[in-house]
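Reassemble the complex: the two chains are provided individually, in unrelated frames, and hints are given to aid placement.
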Amino acid sequence: MTDHEATDPEATGPEASETDEGDAGLALERTSLSWTRTAISFAALGGVMLKDNVITGLLVLAVVPLIWRLGRPPRSGLPPSGLPTVGAIRIRAITASVVGVALLSLLIAVLGPSVPGALHR
Amino acid sequence: MSRSGRFAAWWPRGTADLEEGHEPDPRFTFANERTFLAWSRTALALVVAGLGIVQLLPPFPRVPAGRHLLGVPLIVLGAVLAIVAYGEWVRNQRALRRGDPLPRSVMPWILAATIAGMAIISAIVLLISAVR
Chain A
0 MTDHEATDPE
10 ATGPEASETD
20 EGDAGLALER
30 TSLSWTRTAI
40 SFAALGGVML
50 KDNVITGLLV
60 LAVVPLIWRL
70 GRPPRSGLPP
80 SGLPTVGAIR
90 IRAITASVVG
100 VALLSLLIAV
110 LGPSVPGALH
120 R
Chain B
0 MSRSGRFAAW
10 WPRGTADLEE
20 GHEPDPRFTF
30 ANERTFLAWS
40 RTALALVVAG
50 LGIVQLLPPF
60 PRVPAGRHLL
70 GVPLIVLGAV
80 LAIVAYGEWV
90 RNQRALRRGD
100 PLPRSVMPWI
110 LAATIAGMAI
120 ISAIVLLISA
130 VR
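Residue numbers (numbering that gives the first Met the number 0), protein chains in the order written: chain A, 0 to 120; chain B, 0 to 131.
Same shape as in the complex, but just chain B (with noise of 0.2 Å):
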């Protein structure tokens, strides 16, 4: 599939695409919109946390960009969060409608990636102020 197909698989044409097919029983239009708004609030978890890094934890003695370095990806992966929630939304109302099997979700990856990412980078910022 090329870049502006998967795009335009991942972004609604506006509402009428989202009432193609039949409707789906409520409780899983209900689901999926409880799973988005979880999602959402994990990604202003990220901002919050970030901005907490940069805004009020201590310097860290020789490396002074280290609370950004730790807290901007933060906030950036928040955002990142949030749109990315949008699109499975998106995707997983509409195989709902079609009756297709659900997609398969790309956050839990992020998130994984993300944690995992950050405390590499905070076990290095750590190390550097600590040891050099």
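Here chain A stands alone, though its shape is the one from the complex (with noise of 0.2 Å):
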């Protein structure tokens, strides 16, 4: 075993190859635990923005849910065919997620009423 390899977690030889990265059940979890961070920074926009204006942050927080579904594995087992429709989908569920909550997010910065030095007090 080289330095590198025994200093790198995701360095992979032949036994890793076979359990770990060879595993595409790992990289579906990996996926779905991804899919759940990006639920829970979409929770933390809408906290934040639930402060200044509850109707915005509750939008925003009614799509975590959403993106928590969408990031759940399927129960009866997707085909390896299906998992390119089924991406398309989801990815621009996320698109259209972020770039609302990116509109939402500047009409309250530019007209939304402010409390300017919160972070100071």
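Hints are computed from structural coordinates only; laboratory data are not their basis.
C-beta: ideal position from N, C-alpha, C; glycine also.
One should not assume that every hint holds.
Distance windows between CB atoms, simulated [claimed, not checked]:
#1 B:ALA30 / A:LEU49: 30 to 36 Å
#2 B:GLU22 / A:LYS50: 42 to 48 Å
#3 B:PRO60 / A:ARG68: 46 to 52 Å
#4 A:ARG29 / B:GLY116: 18 to 24 Å
#5 B:ILE123 / A:ILE54: 31 to 37 Å
#6 B:GLY20 / A:ALA61: 25 to 31 Å
#7 A:ARG71 / B:VAL105: 21 to 27 Å
#8 A:VAL53 / B:ARG61: 30 to 36 Å
#9 B:ARG103 / A:ILE54: 28 to 34 Å
#10 B:PRO100 / A:GLY46: 40 to 46 Å
Below you can see the structure in the form of structure tokens.
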């Protein structure tokens, strides 16, 4: 084993490639966790918005369960040929959500009331 | 390549466009999806930072529009980053299916330029509010 392999947890030898990296199931789990982190990011942004504008904050928070649900692996198992179609729909949903949230934030930033110096107090 | 041709290469004509070629290793498809999600979270972080600057920071003395000058571009760039991330996902997925080399990503360049630009604008706003 080289120094690089000894220190780098991502390094893959023949054994690792057959267990960890070679397992599509773990890739699915990592992707599912990534979706969960994205949902948490939306929840955090919704919480920040809730402080300034209740309706906008609730709108953003309403997106969180949808994103969490989109990231759940299918119970029946997804055939590999189904991935692109389903993936495209999920990715478009996330893109639309982020752009929508950015537009709402822009409206709040430009038109909404602010509490200047709230971080200073 | 014409402008419409570049757009067509960037934007899928429908799900059929993403079903050309052969099915890649699912791990590559998942990795592409995770990369897109990571960029989406980065875009959300930019939006949160922009909103926080406008809504929560104290006003800069002698620079009344300072908070908006710093916050609004961050929010706009968050939206731009999300849309570009979608385009990158489409291009990568298409390349994976066709067995082509992965296209070069413009996302790190956009993010680096954004951070550098915002750092310069922040320094200018701080200097004006402190010196004048």
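Comparing the hints with the structure gives:
no., hint, result
1, B:ALA30 / A:LEU49: 30 to 36 Å, "holds, 34 Å"
2, B:GLU22 / A:LYS50: 42 to 48 Å, "holds, 46 Å"
3, B:PRO60 / A:ARG68: 46 to 52 Å, "holds, 48 Å"
4, A:ARG29 / B:GLY116: 18 to 24 Å, "violated, 33 Å"
5, B:ILE123 / A:ILE54: 31 to 37 Å, "holds, 36 Å"
6, B:GLY20 / A:ALA61: 25 to 31 Å, "violated, 37 Å"
7, A:ARG71 / B:VAL105: 21 to 27 Å, "violated, 31 Å"
8, A:VAL53 / B:ARG61: 30 to 36 Å, "holds, 34 Å"
9, B:ARG103 / A:ILE54: 28 to 34 Å, "violated, 42 Å"
10, B:PRO100 / A:GLY46: 40 to 46 Å, "holds, 42 Å"
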